[in-house]
Amino acid sequence: MLGAFSAMDIAASGLTAQRTRMNTIASNLANARTTKTEDGTAYRRIDPLFTTVALDNQGGITGERGVSKVGVERLVRDPRQGMMVHDPDHPDADAKGYVEYPNIEVVEEMVNMITASRAYEAGVSTIESVKAMAHSALEIG
Amino acid sequence: MSDLFQNIAPFSQALGFHMERQNVLSSNVAHIDTPGYKPMDVDRVESQDFGQALSVAMTRTQAGHQTGASGSAVTQGRVHVSPDLQAGLDGNFVSLDVEATKLAENQLRYEVVSTLTGTQLKQLAYAANDGRG
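Sequence lines, in order, name chains U and S. For the first sequence, position 54 (counting from the first letter as 1) is numbered 54 according to my numbering, and the numbering increases by one without interruption. For the second sequence, position 98 (counting from the first letter as 1) is numbered 98 according to my numbering, and the numbering increases by one without interruption.
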């Protein structure tokens with residue numbers, strides 16, 4: 001049976017997912033000039049890949065597919081190559097004297113940040129709406 | 001079950017239906033960034049009409065008719081993928097404004113039914129108190 005609390009659970013999973021996204025954006029922006037990661041290559045931007053997660057106990061409504069929570073399947077590394085700058089004195093320069101900088105566009109990250117922020121707000125207002133419904137149910141009688 | 005509360009049962013089913021729909025719509029909003037996700041909605045199953053919940057006394061005029069006891073009206077929903085979808089760049093079909101409108105509408109419907117339920121119960125209380133409020 002789907003009730004007020006399962007709706008809040010679902011919305012909360014969306015909030016968690018958007019917060020994960022916000023973390024990756026923060027990581028991308030923080031590492032916008034990181035030329036060396038653990039494996040020796042330049043930092044490349046990461047994106048969370050969202051997927052559906054089944055609710056623990058589905059039931060109630062008849063249909064082929066019920067509702068689902070959202071979860072982060074994994075973080076995906078953006079394969080695009082970053083800017084190559086000729087700087088032979090740089091410690092991370094390759095044999096030809098080029099340094100690869102991260103493939104991060106600040107504008108792109110900002111746009112993603114606004115999207116994540118708005119999606120988070122949408123989730124919050126969903127919870128507000130469910131709360132109002134549960135509240136009006138409590139006022140019966 | 002006594003006939004005293006037979007008018008309440010359809011209301012609680014309607015409340016259940018709207019709460020389930022709210023779950024489905026919440027799920028859509030949560031999946032606003034899930035690639036390939038298609039938003040879903042709930043329809044009432046055919047012939048299940050909330051009008052039945054409002055008809056206080058339905059009489060059977062012929063033996064072949066279905067019983068009109070409003071307590072027997074089960075509000076059932078069918079989950080389906082919303083029609084007229086438009087895909088975004090990541091193959092996600094969720095449109096925030098559509099879902100937000102549905103959420104607000106569904107919330108309002110829930111509150112209307114909830115108010116009606118309260119009114120029904122207050123009527124019973126009024127009768128039980130011999131009409132003295």
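A couple of the hints might just be wrong.
If you want the footprint, here are the derived chain U segments under chain S, 3+ residues with CB under 8 Å [as the list claims (entries may be wrong)]:
no.: 1; stretch: 17-25
no.: 2; stretch: 66-78
no.: 3; stretch: 90-98
no.: 4; stretch: 114-126
no.: 5; stretch: 134-141
These are calculated hints, taken from the structure and not from any lab test. Cβ atoms here follow ideal geometry from the backbone N, Cα and C, with glycine treated the same way.
Cross-check of the supplied hints:
1. Counting residues of the stretch 17-25 of chain U whose C-beta lies closer than 8 Å to any C-beta of chain S gives 3; at least three are required, and the coverage claim holds.
2. Restraint check on the stretch 66-78 of chain U versus chain S: 5 residues with Cβ-Cβ distances below 8 Å, three needed, restraint holds.
3. By the rule of at least three residues with a Cβ nearer than 8 Å to a Cβ of chain S, the coverage given for the stretch 90-98 of chain U is violated, with 0 such residues.
4. With a cut-off of 8 Å between beta carbons, the stretch 114-126 of chain U has 8 residues touching chain S; three or more are needed, and the interface restraint holds.
5. Under the rule that three or more residues need a Cβ within less than 8 Å of chain S, the assignment of the stretch 134-141 of chain U holds, with 5 such residues.
The structure does not agree with numbered hint 3 stated previously, though it agrees with all others.
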